[in-house]
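Participant: Given the structure of chain A, go ahead and fit chain B onto it with the hints provided.
Protein sequences, first through last, are from chains A and B. The first sequence: position 129 = 129 (the numbering used here), numbered continuously. The second sequence: position 305 = 305 (the numbering used here), numbered continuously.
The hints are simulated quantities; they were obtained by calculation from the structure and are not laboratory data. Built from N, CA and C at the ideal position, the CB exists for glycine as well. Among these hints, one or two may not hold up.
[To be verified] Stretch by stretch, here's where chain B covers chain A in the computed footprint (C-beta under 8 Å, at least three residues):
#: 1; region: 31-45
#: 2; region: 104-110
[What the hints assert, rightly or not] With a straight-line cut-off of 20 Å between C-alpha atoms, the simulated PhoX-like cross-links for lysine-lysine are:
#: 3; chain 1: A; residue 1: K211; chain 2: B; residue 2: K186
#: 4; chain 1: B; residue 1: K161; chain 2: B; residue 2: K212
#: 5; chain 1: B; residue 1: K212; chain 2: B; residue 2: K165
#: 6; chain 1: A; residue 1: K155; chain 2: A; residue 2: K246
#: 7; chain 1: A; residue 1: K240; chain 2: A; residue 2: K155
#: 8; chain 1: B; residue 1: K212; chain 2: B; residue 2: K201
#: 9; chain 1: A; residue 1: K208; chain 2: B; residue 2: K230
#: 10; chain 1: A; residue 1: K37; chain 2: B; residue 2: K72
#: 11; chain 1: A; residue 1: K246; chain 2: A; residue 2: K73
#: 12; chain 1: A; residue 1: K208; chain 2: A; residue 2: K73
#: 13; chain 1: B; residue 1: K230; chain 2: A; residue 2: K211
#: 14; chain 1: B; residue 1: K165; chain 2: B; residue 2: K201
Listed below are the residues making up each chain.
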Amino acid sequence: MAALSLLAAVALFPACQRATYVAKPQLAPATAQPVGKDLADDAMAAATIAPYRQRVTEQMAAVLGTAPVAITKNSGESPLANFVADLQRSRASRETGQPIDLGVMTNGGLRSPLPAGSITMGSVFELMPFENELVILEVSGAVVQQLFEYAARVKMPISGATYVASPEGRPTDIRINGQQFNPAQDRMYTIAISDYLAGGGDQLTFFKNSKPRSTGVLLRNAIADHIRELTAAGRPVEAKVDGRVK
Amino acid sequence: MNRRDFIKHTGVGAAGLGILGLGSLPAAAEAKADRLVILHTNDMHSRIEPFPDNAAQWAGMGGMAHRAALIKQIRAQEPHVLLLDSGDIWQGTPYFNFFMGELEYKLMTQMAYDASTLGNHDFDNGLEGLQKQLPHAGFPFLIANYDFSDTILAGKFQPYKVFEKAGHRIGVFGIGIEMAGLVSDKNFGATKYLDPIAVAKDMVAKLRGPEKCDLVICLSHLGYKYESAKLDDFKLAAGAPGIDLILGGHTHTFLPKPDVVAGPNGHQTLINQVGWSGINLGRLDYAFERGTRRPSVAAASVVPVRVA
Chain A
1 MAALSLLAAV
11 ALFPACQRAT
21 YVAKPQLAPA
31 TAQPVGKDLA
41 DDAMAAATIA
51 PYRQRVTEQM
61 AAVLGTAPVA
71 ITKNSGESPL
81 ANFVADLQRS
91 RASRETGQPI
101 DLGVMTNGGL
111 RSPLPAGSIT
121 MGSVFELMPF
131 ENELVILEVS
141 GAVVQQLFEY
151 AARVKMPISG
161 ATYVASPEGR
171 PTDIRINGQQ
181 FNPAQDRMYT
191 IAISDYLAGG
201 GDQLTFFKNS
211 KPRSTGVLLR
221 NAIADHIREL
231 TAAGRPVEAK
241 VDGRVK
Chain B
1 MNRRDFIKHT
11 GVGAAGLGIL
21 GLGSLPAAAE
31 AKADRLVILH
41 TNDMHSRIEP
51 FPDNAAQWAG
61 MGGMAHRAAL
71 IKQIRAQEPH
81 VLLLDSGDIW
91 QGTPYFNFFM
101 GELEYKLMTQ
111 MAYDASTLGN
121 HDFDNGLEGL
131 QKQLPHAGFP
141 FLIANYDFSD
151 TILAGKFQPY
161 KVFEKAGHRI
171 GVFGIGIEMA
181 GLVSDKNFGA
191 TKYLDPIAVA
201 KDMVAKLRGP
211 EKCDLVICLS
221 HLGYKYESAK
231 LDDFKLAAGA
241 PGIDLILGGH
251 THTFLPKPDV
261 VAGPNGHQTL
271 INQVGWSGIN
281 LGRLDYAFER
291 GTRRPSVAAA
301 SVVPVRVA
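Chain A with its partners taken away, still in its complex shape:
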């Protein structure tokens, strides 16, 4: 009845200036309705998805390259850590058209080894399931020193550099691009790294004050592209421990 009278009231003033209304929200019973398994698949949506799902399955199985031996990770310098940090640095350099001093990836970011034999797109998704982007940091010598102090505690390899980790876990004889590193020198260093680590992830808190420069390249795609390029060049997918951390 009240609704009817409201409608009637509105209808009474058709010639007047347009009636105005107050929008009144009603929040019951739930403003966030879970989309769960209790719901059936909508038939039209399911039919639309099906052919795409099939192509995803096929593409995940597509072979990007071949590794003579598995590319594995372990604590300290490892083939997988070198492989990823190196390709980060070379890809960032290609994207920006300038040399990049260092490439950094922590062991925690590498989720799975690359298997011996056929490396599929699925293998690359397992190695890098995160939607991390390759970014570039530009930092002072003091920050680079902090990076090496972090690295030396776990003997983490850094692409573009060599160093000696002391028994106490301190970095000594740091060389960047073959040159002796002096943290007091007045210059900046570029670092190819994931957006996650650049934001201070994995306790790399000393990077937090630097604003990363985006490349628009997902780390996973950088890895997949690198493997494809090796294959196109007729080369196997290989990575070695080369003694960059002593």
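Facilitator: Positioned in the frame of chain A, the structure of chain B alone reads:
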């Protein structure tokens, strides 16, 4: 009459409704026929299929075929539905890596989304990537504070759109986050970022004024709340009073119910966000009551909105 006099004159505010006797309308009177149901998502991140059953979190949740079924259920019961998204449709599963957003747009079109705004990840394949997929989107992207004039996307987007639903005019506009530093420079090119607060004020004035809207909704990809000075949905609500509802995104915030920001003269802005990956479908119902504002007045700040 200046605004202060107007307010005094009409007794607008929470008390205004009581005076007119409309504030006490029983819930049953808010007939379905006149009810607007707003459904919304944010940050769906290419979650075409539900999270796998062995996922550490959200196993079995989400999935666009499930969402389509839920939306269909609601549409079968409700005549007036507005379906909106707050950006970051893209990025997050192999479906995006392999098909570059085509399937997301197709499914949203099938679900009959009314509008979306643009999130930062919707630029992940650059302006070209966005341009390429637009033909698959049968719904408009609303974005008021990005100026694409000097780009290949010039003229492709509108700042706002007015929807006629349940016999009312619903104004919807979009606000995007600053892309510099967040999105690769080359991916947004010459897109200009305009001050969201200034733009939102203009939008409110236009939608409340010449466009005669009864409800003003902002699709925001600014983010829910930051401790820093960075602009968020709360600062937007305070800086551009008169928005009835901000449907947010970017921060993947799960809200059990909307937050309420009190504005001048009893106006309230609701802020809602429903997580990410299509785990939830947001729903807010609106009833329209005969109001007290006069269209000739800058009405944005004098429209009372109360949580039922």
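Participant: Against chain B, does the region 104-110 of chain A show at least 3 residues with beta-carbon separation below 8 Å?
Facilitator: violated (count 0)
Participant: If you draw a straight line from the CA of K37 of chain A to the CA of K72 of chain B, is it 20 Å or shorter?
Facilitator: 16 Å, holds
Participant: Given the hint that K161 of chain B pairs with K212 of chain B, does the C-alpha gap stay at or below 20 Å?
Facilitator: 12 Å, holds
Participant: Next pair to validate is K246 of chain A with K73 of chain A; report whether the Cα-Cα distance is within 20 Å.
Facilitator: 17 Å, holds
Participant: Checking one constraint from the list: CA of K165 of chain B to CA of K201 of chain B, max 20 Å. Satisfied?
Facilitator: 24 Å, violated
Participant: Does the alpha-carbon distance linking K211 of chain A and K186 of chain B stay inside the 20 Å limit?
Facilitator: Answer holds: K211 of chain A to K186 of chain B is near 17 Å, not above 20 Å.
Participant: Please verify whether K208 of chain A and K230 of chain B have alpha carbons no more than 20 Å apart.
Facilitator: 16 Å, holds
Participant: Is K230 of chain B within 20 Å of K211 of chain A, Cα to Cα?
Facilitator: Judged against 20 Å, a Cα distance of about 15 Å means the pair holds.
Participant: Keeping to a limit of 20 Å between CA atoms, is the pair of K212 of chain B and K165 of chain B held or broken?
Facilitator: 13 Å, holds
Participant: Can the restraint linking K208 of chain A and K73 of chain A be considered satisfied, given a maximum Cα separation of 20 Å?
Facilitator: 27 Å, violated
Participant: Does K201 of chain B sit within 20 Å of K212 of chain B, going by the straight-line distance between their CA atoms?
Facilitator: Holds, because 15 Å separates the two Cα atoms, which is no more than 20 Å.
Participant: Under a C-beta cut-off of less than 8 Å, do 3 or more residues of the region 31-45 of chain A approach chain B closely enough to confirm the stated coverage?
Facilitator: Since 13 is at least three, the answer is holds.
Going through the hint list in order, the structure does not satisfy hints 2, 12, 14.
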